[in-house]
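Using the sequences plus the hints, can you model the full thing?
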Amino acid sequence: MMVSGQIDAGELLGASLPHLVPERVVEVASAQAGCPVAVYVLDLEGSFALRLAGDVERFPQQIRAAVGVGPEIIPEALPQLRALVIDLVGPCTLWPMVVRDRVMGFLLARGRPASDLETFAGQAALALELASGYTDALHAVRRRKDTRPAAEIQQNLLPPRLARVSGADVAGGVLPGYDVGGDFFDYAGNADGLWLVVADATGKGNSAAAVSSLAIGALRAARRAGAGLQEAARLADEAILALDIQRYLTAVVGSWDADRRLLRWINCGHPTPLILRADGRIDELDAERTYPLGIRFTERTFPVLSIPVRPGERLLLYSDGVSERRTTDGGPIGDNGLRTILTELGPRSPATTVRGLQDAVLKASPEPLRDDATLLVVAPQD
Amino acid sequence: MCDDVAIVTVSGEFDLARCIKLAPELNAVLRSEARAIVIDLEAVSLVDSSGIALLLNAFRRLDQTGRQLAIACPIGPQRRAFEVTALDRHLPMHETRQAALAAVGVS
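Chains as they are written, first to last, in the working numbering: chain A, 9 to 390; chain B, 9 to 115.
By construction, these hints were calculated from the structure, which means they are not laboratory data. Hints may contain errors.
Said to hold, decoys possible - Derived contacts from chain A toward chain B, CB cut-off under 8 Å, selection only:
id	residue
1	215
2	295
3	297
4	300
5	303
Unchecked claim - According to the in silico footprint, chain B covers these stretches of chain A (three or more CB under 8 Å from chain B):
id	region
6	151-161
7	200-211
Stated by the list, open to error - Calculated Cβ distances over 10 Å to all of chain A for the following chain B residues:
id	residue
8	36
9	73
10	76
The beta-carbon is built from N, C-alpha and C at its ideal position, and this holds for glycine as well.
Encoded structure:
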């Protein structure tokens with residue numbers, strides 16, 4: 009194992025122009041391993057590994073591997089990914105590139121590497137993440153197809169897909185990654201708890217993206233100003249109304265308190281969140297709801313409800329693109345179908361649960377998705 | 009039927025495609041002299057967010073000019089989107105076309 013000459017993220021980033029960082033990673037990794045190494049990242053839908061840098065003769069451009077939630081690899085799916093890669097390229101070694109709890113890509117060595125690149129893979133991951141703020145190099149490779157403007161906005165609104173924050177594991181995903189646009193999910197692990205949002209703007213495309221981006225701005229602004237749930241919902245409502253484009257947004261805005269293990273939420277005309285209890289029962293959070301944001305009948309209020317969500321349980325927020333997804337028999341997956349899928353998945357990790365639900369949405373029909381299908385799953389830690 | 013009450017009937021899936029087809033007819037009715045509009049969704053199989061948005065906009069335009077809207081929508085799959093969005097409590101919903109007509113004073 010080679011210890012001397014370790015290069016850290018700062019050096020990788022500092023020594024190269026941002027768009028050349030992937031090439032630099034390959035150069036350093038190949039020198040350390042004494043054999044050819046390539047860097048791979050996942051596409052926006054988490055269904056393909058795509059070569060970011062590395063010898064085009066030795067490493068395939070893409071590897072079909074449905075192992076991600078968005079462009080992040082599910083840690084539990086790494087054995088499956090290894091098997092798929094070995095199947096395609098033969099004997100090789102794979103090191104995940106981990107940033108905190110997220111696997112943002114992997115290094116792949118062909119042949120017998122002279123040293124372990126595990127530590128370097130972590131530094132490479134940090135350097136690539138930071139470099140991607142200055143260049144399109146990484147973003148372009150992650151886009152297997154052209155993105156529509158609305159989808160591009162949506163991708164840039166989303167927080168990391170997988171995270172461990174405020175006493176809970178969180179995973180969120182939006183399908184399709186390249187088209188539609190108008191849904192979003194958001195979360196933030198703060199001292200006062202875990203903020204959660206899933207929202208869906210009426211219609212599709214550009215105007216839906218405008219409503220969504222304004223709403224996420226309003227919600228984040230409220231949150232960062234120390235506002236509560238009601239104030240945040242009110243700010244988003246007023247912002248959409250002020251746009252005056254006859255569009256509205258359905259949303260669940262919530263906050264989970266890790267100490268009290270209590271979820272507080274407001275439902276503004278959005279599909280009912282579900283909780284998978286430890287005994288397999290499913291509770292619907294359908295107590296009370298108000299109408300969507302961006303509509304005004306008379307003076308409105310935002311009723312806040314609360315329910316315990318404890319370790320061993322799973323909270324699921326979703327958009328109607330999931331439950332209304334058409335199946336081959338013509339009908340939608342439906343609320344009952346969704347509950348069945350959730351029960352069958354059981355208490356897996358949030359990332360695995362999101363991917364499992366996404367697979368069910370994708371496999372429901374060969375038809376492309378007509379609407380965004382958005383999922384956010386929360387699992388309190390013991 | 010009554011001259012000053014217009015009836016718009018929708019059938020099948022009340023989605024974006026249907027809204028685009030329906031918009032000219034609905035706009036013509038909204039611009040007309042009708043004092044009330046009945047929108048009949050009895051033969052609709054489902055309503056999506058585009059359908060809801062179209063109805064909301066019609067409601068707003070009528071409300072601004074002091075005219076009446078009545079929506080005929082039975083309890084069932086077609087009522088679902090109104091329940092999820094909690095708009096069933098704010099829009100003038102009726103279970104049958106007859107009840108909707110009665111609500112705008114046509115017997």
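Checked hints:
no. : hint    : in the structure
1   : 215     : violated (11 Å)
2   : 295     : violated (12 Å)
3   : 297     : holds (5 Å)
4   : 300     : holds (6 Å)
5   : 303     : holds (7 Å)
6   : 151-161 : violated (count 0)
7   : 200-211 : holds (count 3)
8   : 36      : holds (18 Å)
9   : 73      : holds (16 Å)
10  : 76      : holds (15 Å)
Of the hints listed earlier, those the structure fails to meet are numbers 1, 2, 6, in rising order.
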